[in-house]
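**Q** Sequence:
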Amino acid sequence: MTTSEEATYQAAIRAAADRLHAAATARAPTAPIRDLLREGDVDAAYAVQRINTERALAAGRRLVGRKTGLTSVAVQRQLGVDQPDYGMLFADMARPEGLDIAVADVLQPKAEAEIAFVIGRDLDGEQLTAADLFRAVEYAVPAIEIVGSRVAGWDIRITDTIADNASSGLYVLGSRPTRLTDFDPRLCGMVMEKRGEPVSVGAGAACLGSPLTAALWLAQVMARVGLPLKAGDTILSGALGPMVAVAAGDVFDVRIGGLGSVRAAFV
Numbered sequence: 000m001t002t003s004e005e006a007t008y009q010a011a012i013r014a015a016a017d018r019l020h021a022a023a024t025a026r027a028p029t030a031p032i033r034d035l036l037r038e039g040d041v042d043a044a045y046a047v048q049r050i051n052t053e054r055a056l057a058a059g060r061r062l063v064g065r066k067t068g069l070t071s072v073a074v075q076r077q078l079g080v081d082q083p084d085y086g087m088l089f090a091d092m093a094r095p096e097g098l099d100i101a102v103a104d105v106l107q108p109k110a111e112a113e114i115a116f117v118i119g120r121d122l123d124g125e126q127l128t129a130a131d132l133f134r135a136v137e138y139a140v141p142a143i144e145i146v147g148s149r150v151a152g153w154d155i156r157i158t159d160t161i162a163d164n165a166s167s168g169l170y171v172l173g174s175r176p177t178r179l180t181d182f183d184p185r186l187c188g189m190v191m192e193k194r195g196e197p198v199s200v201g202a203g204a205a206c207l208g209s210p211l212t213a214a215l216w217l218a219q220v221m222a223r224v225g226l227p228l229k230a231g232d233t234i235l236s237g238a239l240g241p242m243v244a245v246a247a248g249d250v251f252d253v254r255i256g257g258l259g260s261v262r263a264a265f266v
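Residue numbering for the sequence shown follows numbering that gives the first Met the number 0, starting at 0 and increasing by one per position.
Derived by calculation from the structure, the hints in this document are not laboratory data. Among these hints, one or two may not hold up.
Listed below are the simulated EDC-like cross-link pairs for lysine to aspartate or glutamate, each with C-alpha atoms no more than 20 Å apart in a straight line [what the hints assert, rightly or not]:
#  : residue 1 : residue 2
1  : Lys229    : Asp123
2  : Lys229    : Asp121
3  : Lys229    : Glu125
4  : Lys229    : Glu137
5  : Lys229    : Asp131
6  : Lys229    : Glu53
7  : Lys193    : Asp99
8  : Lys193    : Glu96
9  : Lys229    : Asp91
10 : Lys193    : Asp252
11 : Lys193    : Asp249
Listed next, with one range per pair, are the computed distances between beta-carbon atoms [stated by the list, open to error]:
#  : residue 1 : residue 2 : range
12 : Asp131    : Arg37     : 18 to 28 Å
13 : Pro95     : Asp34     : 37 to 47 Å
14 : Thr7      : Gly248    : 42 to 52 Å
15 : Glu5      : Gly195    : 51 to 61 Å
16 : Ala246    : Leu179    : 34 to 44 Å
Ideal placement from N, C-alpha and C gives every residue a C-beta, glycine not left out.
All chains should be modelled from the sequences, with the hints used to inform the complete structure.
**A** Have a look at this one:
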């Protein structure tokens, strides 16, 4: 690529970031950004994400964790992709369990049931292992992630969702912390109900074989890109089953074997 071509492509990456930022600010979905990037250029998509992450930090938002997305084969099939991705979690994305959530706070919201891990020590090594992760996880809780898309109609491919902070929206954590030794992250079953009716079922194994595998992948990638996970950070490890559309008046209850339950109600 010539210097001129590189400059043109960097301008396109900035334009993609501007498009998504404008959609989020206006609370109005926009066209996909993949038309601005080379087909399947994941590195460029993460460059778009980084631009808007830096904007968020400059505006005073606080980074409190990361999320792994597209770890469930069921969700990958829904979106037509075949690999995981990651996004940033900010403090203003967290919603306390028991308080109503405004549907308008997320563009085109959908709910996913996940296991969240809270880290008790830094994970900033160059060659992190599963043992490093096990020692670092302070506790786990059930979680509901309310994903959203700044791309109209969820018309996304892998570059669109990566650039759009892995289609992040909000999240709710359960209120009963559980140690890793007290449940089986791989074999635990999950049921998500909407207004009392089961709408999504799965198990820990649906998340890259184990939510801990997804969390380790995320920790390794974060260390590699210079944004390592720190003590106190939250990891949303990925959906355990298909995501479900959200509307005002919906109440979602998630139960995960050995972890307990978490609820999210929408107005």
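**Q** Within a Cα-Cα threshold of 20 Å, do Lys193 and Asp249 meet the stated pairing?
**A** The given pair, whose Cα atoms are some 6 Å apart, holds under the 20 Å limit.
**Q** Between Ala246 and Leu179, does the C-beta distance stay in 34 to 44 Å?
**A** Holds, at about 35 Å.
**Q** Under the criterion that the straight-line Cα-Cα distance not exceed 20 Å, is the pair Lys193, Asp99 satisfied?
**A** With a Cα-Cα distance of about 15 Å, the restraint between Lys193 and Asp99 holds, given a limit of 20 Å.
**Q** Does the Cβ pair Thr7, Gly248 satisfy 42 to 52 Å?
**A** holds, 48 Å
**Q** Between Lys193 and Asp252, does the CA-CA distance stay at or below 20 Å?
**A** Holds. Lys193 to Asp252 sits at ~7 Å (cutoff 20 Å).
**Q** Do the alpha carbons of Lys229 and Asp91 lie within 20 Å of each other, as the hint requires?
**A** holds, 18 Å
**Q** For Lys229 and Glu53, compute the direct alpha-carbon distance and say whether it is at most 20 Å.
**A** holds, 18 Å
**Q** Starting from Lys229, check that the Cα of Glu125 is at most 20 Å away, please.
**A** The given pair, whose Cα atoms are some 14 Å apart, holds under the 20 Å limit.
**Q** Below or equal to 20 Å on CA atoms is what counts here, so check Lys229 against Asp121.
**A** Distance of about 4 Å is within 20 Å: holds.
**Q** Can you confirm whether the C-alpha distance between Lys229 and Asp123 stays at or below 20 Å?
**A** holds, 7 Å
**Q** If you draw a straight line from the CA of Lys193 to the CA of Glu96, is it 20 Å or shorter?
**A** holds, 16 Å
**Q** Are Lys229 and Glu137 close enough, with their CA atoms no more than 20 Å apart?
**A** Holds, at about 12 Å.
Going through the hint list in order, the structure does not satisfy hint 12, though it satisfies all others.
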